[in-house]
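A.B. asks: The listed protein sequences correspond, in order, to chains A and B.
Numbering (my numbering) for the first sequence: 1 to 163.
Numbering (my numbering) for the second sequence: 164 to 345.
What the hints contain is simulated information worked out from the structure, not anything from laboratory work.
It cannot be assumed that every hint is accurate.
Going by beta-carbon spacing under 10 Å, a handful of chain A positions derived as facing chain B [to be verified]:
(1) D19
(2) L79
(3) I83
(4) W112
(5) V118
(6) L119
Below, in silico cross-link-like pairs of lysine to any residue (SDA-like), each with a Cα-Cα straight-line distance of 20 Å or less [claimed, not checked]:
(7) A:K86 <-> A:D129
(8) B:K330 <-> A:E113
(9) A:K86 <-> B:F337
(10) B:K333 <-> A:Y111
Per label pair, the in silico range of CB-to-CB distance [to be verified]:
(11) B:N166 <-> A:H51: 37 to 43 Å
(12) A:N17 <-> B:D238: 57 to 63 Å
(13) A:R138 <-> B:A181: 34 to 40 Å
(14) B:L328 <-> A:P127: 32 to 38 Å
Keep in mind the model is a prediction, meaning the values are calculated, not measured.
Glycine included, C-beta positions come from ideal geometry on N, C-alpha and C.
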Amino acid sequence: MGLLDKEFSEGNIVITNVDDLLNWARLSSIWQLGFGLACCAIEMMATSMSHYDFDRFGVIPRNTPRQADAIIISGTVTLKMAIRIKRLYEQMPDPKYIISMGSCANCGGPYWEHGYHVLKGIDRVIPVDVYVPGCPPRPEALLEGLLKLQDKIRNESLRKKSA
Amino acid sequence: MMNAEEIYNLLKEKFGEAVIGLEKENPTEPIITASPLQIHKISEFLRDNDQLKFDSLMCLSGVDDANGEKIKEEDGSEIIKGGTLSVYYHLHSVSLKHKITLKVSAPREEPKVESVENVWKCADWHEREAFDLVGIVFLNHPDLRRILMPYDWDEFSEEISRHPLRKDYKNPEFYQGMKIPY
Numbered sequence: 001m002g003l004l005d006k007e008f009s010e011g012n013i014v015i016t017n018v019d020d021l022l023n024w025a026r027l028s029s030i031w032q033l034g035f036g037l038a039c040c041a042i043e044m045m046a047t048s049m050s051h052y053d054f055d056r057f058g059v060i061p062r063n064t065p066r067q068a069d070a071i072i073i074s075g076t077v078t079l080k081m082a083i084r085i086k087r088l089y090e091q092m093p094d095p096k097y098i099i100s101m102g103s104c105a106n107c108g109g110p111y112w113e114h115g116y117h118v119l120k121g122i123d124r125v126i127p128v129d130v131y132v133p134g135c136p137p138r139p140e141a142l143l144e145g146l147l148k149l150q151d152k153i154r155n156e157s158l159r160k161k162s163a
Numbered sequence: 164m165m166n167a168e169e170i171y172n173l174l175k176e177k178f179g180e181a182v183i184g185l186e187k188e189n190p191t192e193p194i195i196t197a198s199p200l201q202i203h204k205i206s207e208f209l210r211d212n213d214q215l216k217f218d219s220l221m222c223l224s225g226v227d228d229a230n231g232e233k234i235k236e237e238d239g240s241e242i243i244k245g246g247t248l249s250v251y252y253h254l255h256s257v258s259l260k261h262k263i264t265l266k267v268s269a270p271r272e273e274p275k276v277e278s279v280e281n282v283w284k285c286a287d288w289h290e291r292e293a294f295d296l297v298g299i300v301f302l303n304h305p306d307l308r309r310i311l312m313p314y315d316w317d318e319f320s321e322e323i324s325r326h327p328l329r330k331d332y333k334n335p336e337f338y339q340g341m342k343i344p345y
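The whole structure should be built from the sequences, with the hints applied where relevant.
C.D. replies: Encoded structure:
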């Protein structure tokens, strides 16, 4: 973890730098926007339930974009919805992170050719941090995606945001 | 309980020319064809007649028959001129336990069909869907807006890209700055 390694053997003092402390705080409480689109959302909900327990990573759904840190695009993004998603994303405060969950959100999925109403990948509208493949991805895959996002946040610096 | 032939004879006797024919040879179900501009009064009769009592409109579907002249475009795609668009009505009588399918066909260039919204309330959204995806115009419908596609779809698409379930539909390049093709 980095933080606890630097603890002095006695006393309750930890020495670290601001980057590590902020990153540690951020990655340990990623509040996701309570938001689901299609069948992927069912897997996302399953991930939040006690069996997989998203909460042990500090992920809890937050019902307003203004207090959310991350948004999981869980499902097929229609053109109509893409406009709403963009607005939700813009309402989130920085730093904000996006997990694109499932084939539809990644690249259009099964609708890639004849989906006249489907946006072929949410990255055409908002910048994605982590792509989770699968149709739909199992909860383990989503957890892996979250760990990848945590890795990404861990290496961030105040001087420059990577996303 | 009446079979399709009896229902057809009853309708033919009552409405004459407005009821066009009975398709019996279909592998699925017999279909009564009717005139698109008379369908409202036929529907009312089907619902209110004591022998028929069709109190439930199970489904209303818009169909592109694609039976017009197919014209090849330079890029290999086809557009369709002439022919018809159809609306199918699947009716069921809960009390008398019989079913019937109605069909009306309207010309592709001017697809106008009477609304049955005030006969069966559920036709409201079904007709909006048929209007949205196939482009059939329902006369006297109280609120004929798009129901699935974006309301401002027309502003970003050409004539051929208005109604996505038409057989000669072409997807537009962009919608509100978002690229649509893969």
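A.B. asks: Which earlier hints turn out false for this structure, listed by number in ascending order?
C.D. replies: 1, 11, 13
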